[in-house]
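*Asks:* Protein sequence lines, in the order shown, are assigned to chains F and B.
Letter 8 of the first sequence, counting from 1, is numbered -5 in this note's numbering, and no numbers are missing.
In this note's numbering, each residue's number is its place in the second sequence (first place is 1) plus 71.
Hint data in this document are derived by calculation from the structure and do not stem from the laboratory.
A quick note: this is a predicted structure, and the numbers were derived from the prediction, not measured.
There may be inaccurate statements among the hints.
In silico DSS-like pairs for lysine-lysine, Cα to Cα no more than 25 Å straight-line [claimed, not checked]: (1) B:Lys80 <-> B:Lys186; (2) B:Lys125 <-> F:Lys6; (3) B:Lys80 <-> B:Lys98; (4) F:Lys6 <-> B:Lys98; (5) F:Lys6 <-> B:Lys80; (6) B:Lys125 <-> B:Lys186.
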Amino acid sequence: MAAGLPELTVLDTEGREIKLRELAADRALILAYIRHFG
Amino acid sequence: MRGRREDIKAGGADLVFVGNGAVHFAKHFQEREVPGFEVYTDPSRESYRALGLKRSLLGTLGPQSLLAGMRATRAGHVQTSVEGDAFQLGGLFAVARGGEIRYAEIHSSAGDRPKVDAALASLRSDVRQSR
């Protein structure tokens, strides 16, 4: 598997837009996509 | 998942959560459930779709999910509300430094458990190279 993270943004807990790719720019991640926050 | 933090750190990665509710739900989740972890949200669910994650009525309300819910309740994890899309399913990804996805796990049921060890194994060559 060699696909990259999509060129999309998410919001941090302060509502700031963050590029998904920036999250992994300088570190490896285990990225847990959860169903919902409840 | 959160109990695996040290394993994940030892594996050379950071654990990050992404959900799909409003920002204040993300903040509440971080404070209540996973203090000290990074939490992000994608209310549009665009990244869920781009990563191939599923949205399914059967996957969230089917028998497998109900059994998993009962197990979680017995273990003391009581779901009090749904803060986000009730029918969205999750998944787990291992991402190498720079953004390459090394491992993708797409859940078909709300009861699916993330395979953290498999995700970490996909990153091991990076850790060896950086040491």
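*Asks:* Determine for every hint whether it applies to the structure shown.
*Replies:* Hints, verified against the model:
no.: 1; hint: B:Lys80 <-> B:Lys186; in the structure: 16 Å, holds
no.: 2; hint: B:Lys125 <-> F:Lys6; in the structure: 22 Å, holds
no.: 3; hint: B:Lys80 <-> B:Lys98; in the structure: 23 Å, holds
no.: 4; hint: F:Lys6 <-> B:Lys98; in the structure: 18 Å, holds
no.: 5; hint: F:Lys6 <-> B:Lys80; in the structure: 22 Å, holds
no.: 6; hint: B:Lys125 <-> B:Lys186; in the structure: 17 Å, holds
In the structure shown, no violation is registered for any of the earlier numbered hints.
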